[in-house]
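Let the hints inform the model, and build the full structure from the sequences given.
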Amino acid sequence: MATIVFLLVVAALLGTKALDVHSTWRHVGVAGETNPLAASWLRRFGLRRGLAVVGAVYVAILAVEVVLVLALGVAFVTWTACALGAAIAYVQWDVARHNYTGRPSGLTRRIATAHAAWSRRLPRGGAPSRR
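In terms of the numbering used here, the sequence shown opens at residue 8 and continues consecutively.
Check before you lean on any hint, since a few could be wrong.
[What the hints assert, rightly or not] Computed beta-carbon distance windows for the label pairs: (1) 33 - 80: 36 to 44 angstroms; (2) 51 - 122: 17 to 25 angstroms; (3) 50 - 12: 22 to 30 angstroms; (4) 125 - 50: 33 to 41 angstroms; (5) 115 - 64: 22 to 30 angstroms; (6) 81 - 39: 14 to 22 angstroms.
Rather than coming from a laboratory, the hints here were simulated on the basis of the structure.
Ideal Cβ positions, reconstructed from N, Cα and C, are used throughout, including at glycine.
Pasting the structure below:
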């Protein structure tokens with residue numbers, strides 16, 4: 008049962024990442040990307056290649072997770088991966104929905120507020136300041 012749920016969560020992660028990439032390509036572009044790592048890759052490689060790099064890295068990380076979770080076969084690890092994966096898939100879906108519609112949800116507003124607060128803490132070099 009846990010393995011089936013896990014594989015469904017993996018499918019949701021892939022589907023919502025595809026929506027996120029497509030919505031970034033069609034509606035956000037390089038200048039509108041707020042994820043600092045993705046934005047640097049988009050600036051470095053251009054929009055199309057940068058999104059391909061982001062997608063490839065995401066799929067590679069997800070593939071490693073799938074292999075590890077299935078190889079371990081521990082129910083706690085599988086259910087934990089399901090819970091975290093479902094949360095990530097929901098956030099990706101909400102970000103893609105925001106990119107397509109331009110209307111933020113409560114989750115999108117909270118993420119944007121947290122991102123802005125975190126960004127204010129970072130000096131130009133990118134490491135968190137120690138206060």
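Hint-by-hint comparison with the structure:
no. : hint                         : verdict
1   : 33 - 80: 36 to 44 angstroms  : 40 angstroms, holds
2   : 51 - 122: 17 to 25 angstroms : 21 angstroms, holds
3   : 50 - 12: 22 to 30 angstroms  : 38 angstroms, violated
4   : 125 - 50: 33 to 41 angstroms : 20 angstroms, violated
5   : 115 - 64: 22 to 30 angstroms : 23 angstroms, holds
6   : 81 - 39: 14 to 22 angstroms  : 41 angstroms, violated
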